[in-house]
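Start from chain A and add chain B according to the hints.
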Amino acid sequence: MDQLSHLMAGFAGALTLVNLMWVLIGALLGTAVGVLPGLGSSMAVALLLPVTFSLDPTAAFIMFAGVYFGGMFGDSTAGILLNTPGASSAIATTFEGHKMAKSGQAARALATAAMGAFIGGLIATTLVVFFAPSLVKLATAFGPAEYFALAVFAFVAISSVVSESIIKGLGALSIGLVLALIGVDGISGSVRFTGGLPQLFDGLSIVVITVGLLALGEVIHVASRIHRDPSALRIPASGRIRLSGADFRKALPAWLRGTAFGVPFGVIPAGGAEIPTFLAYGTEKRLAAKRKDPEFGTTGSINGVAAPEAAGNATAGMAMGALLALGLPVSATAALMIAAFQQYGMQPGPLLFERSGDMVWTLLASLFVGLVMLLIINMQFAGLWAKLLLVPRHYLYAGITVLSMLGVYAVSSSVIDLWFLLAIGILGFIMRRYQFPVAPVLIAVILGPLAETSLRRALTVSEGDLGYLVSSPTTIIMYLLLIAAVALTMVKHAASRRKLRSEAMVLQDS
Amino acid sequence: MSKLNFKNVAFLVASVLIATLALVTSAASGGENTVRAKLVIMAPASPGGGWDGFAREAQQAIKSDGISNNVQVVNVPGAGGTIGLSQFAQMTGRSDMLMVTGGVMIGAIELADSGTSLEDVTPIARLADDYAVIVVPGDSELETLADFVEAWKKDPGGTSIAGGSLGGIDHLLMGMAAREVGIDPQLVNYIPYSGGGEAITSVLSGTTSAAVSGYNELSDQIETGSLRALAISSEERLPGVDVPTFKEAGVDAAMANWRGYVAAPGITAEQKAELQQIVAEFHATEQWKDAVARNNWTDSYMVGDELDAFIDAEIATTTDLVEGLGL
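So the protein sequences, as listed, match chains A and B.
Per our numbering, the very first residue in the first sequence carries number 1; after that it's consecutive.
Per our numbering, the very first residue in the second sequence carries number 1; after that it's consecutive.
This is chain A alone, in the form it adopts within the complex (with noise of 0.2 Å):
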């Protein structure tokens, strides 16, 4: 219990009056950057560098802690009253939480996920306090190979969300893989898909293509129907702010399923939370498949709030750990963070736990201090956030406007993004107006990439060997737990169908 006993001298050196508010000034600024799409918390995180340095270091990383998981947990809180994920990992919370928004529940899902983020973080850092050391197995672990695995995998677990309609799914699906593969290709250096345009070299940006295809195609379709059937708009006031007992136990296995698929994740590089969130996603949408939950889907369910902000959180915390003790930067803000640790002579890596052990654990104490502080902020504004929704329609869509705007304008102070934003808002709305899930896209734009990489890098590799995507036990496991889920899902449908059919044969007879 070494361990222990290093974390709470960590918290004695944390915890005082100034640094309190020192965490409080983080927490409120990454929430706030987290809330608007485009500024992420690297954004936060590199304004505030500057700052820091005239800090001592613990007030220096109380501060960073709270900035890097406010922007976790903000980043779902607009997604879920507006419809506009203010990160990437915010997707698939926004799914269901902005219909719980839309039927009145605006309060309860702001809460749910607020508590789905701490959770997430708080048994991630748990994890990193006494397993960091460990984890660079688990880094090693994966190559090319697996990753490709990896995203086959994940294509066919979150699958479900185009079950709806088979081919309006699938072309949606394929939607978003073109929108994915503009840009220079990063293998070959030859460029696709930009019509000549030195602005789409580097793709698309993620926050244009989800903020355009939710937000704007949204507010567009909102203004195409507000004279028809304005009833239909109509957003019922908000219940309850509190959780009742009932909802926590409903959202406890939820959060702890969103946490486990989230921990691994944190640690592989690249991988990035959006894979365990829509992950996590994918298995609510089938559990409640599963039990005739009639809430997913339609009024929104608080187990598809609960798993994807738990998955995000649980990434974000374990990234940290894998950035100190691997010293592997796995996302642009953690980048950021190893030149904040630099200029107080601490060098993430392998060695830090022996060279500067004391900082660490005054960090990682002020992880769970920052944690704590958001989730009380958080559950203080959720019923305050979701009163915004009783702002009259025709200004609050306006509102959503000028945020998706500022946000995406932010993004890269670069004009000609706002016009790519109103191309991909205008098909949003002919994809609600023609009832195409947008979901698909989302996915097929993260994972698509993702999937292309790693089978060229695999294939480059092994010089086009293709045994080489089914050399490993990782990948074996995976391919297996792949045909084994699929084949499930074969027979099951196949059983329903049977019974489907059989139950109109019983109807057309009587």
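Possibly wrong hints are sitting among the right ones.
Claimed, not checked - Sample of chain A residues at the chain B side, in silico, Cβ under 7 Å:
#	residue
1	G189
2	F201
3	E463
4	G464
No lab work stands behind these hints: they were computed from the structure.
Quick caveat: nothing in here was measured; it's all calculated off a predicted structure.
Heads up, the beta-carbon is just placed ideally off N, CA and C, and yes, glycines get one too.
The following block gives chain B in isolation, referenced to the frame of chain A:
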């Protein structure tokens, strides 16, 4: 009650909007003031990238000594810095701006073929370099660069090498090394990753035979023995770094990942001299010296004709290597 709540909501929304607006404007605004009153540094990379850090270290140094009253960093990310460059090349006569540039941008210009090059802007100074190192896993049987070259010559395709993005210094260095040891650079099996961290993982997991990345990113792993450094791309041995150079190991390849500043096109000679003066001043501050030491950079301060000649030579070498690599 509900009125009060509306006020609260309005306050909350307003404060969030103000905070974000402040962030946005501080990131995007510029002006026509004199450079001593206000200086804008463009980092043609996203926050968190190497060039962003380079710009922010300079910002700190300039602030610390009051060289300019107000220094801002603007990020224009994209395509190896060429998006930023093409924007910057349009800002004819903007005398209050500097843009970060470096070796990576030259490679990116060659690849992007966008029509804008470093010849369209005004070089100010080269400031700091770091070097790439080639590593193998700590338990590899390849003990020296000679061992690696032998294995590489035997099977260029099977000896895969991980590194940073295409056309960057890591890639060019391997092209140069290949040419020197008599391997057709087109045969180099180079696997680009988006960062040093990913390249390290790929060599540690045994996916690739070797990895090339900045020495600073790998130094800890080298020290603990999980990675073995075979050679470093500097001309001479670096103080405090126990790694032989490529040249020592018998491969005539050397390359620096240099960073520096350029100014907008069309500025007058006085304006150029003023910007050079500012760079010279912050280069001399304690804060900057500290930044150089902290980031393990090598001070490579260079201005004037020497710099122009250096950039010309870099462009020629890079063009040649990019062609050789078949990009």
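Hint-by-hint comparison with the structure:
no., hint, verdict
1, G189, "5 Å, holds"
2, F201, "4 Å, holds"
3, E463, "5 Å, holds"
4, G464, "9 Å, violated"
Violated hint for the displayed structure: number 4, the only one.
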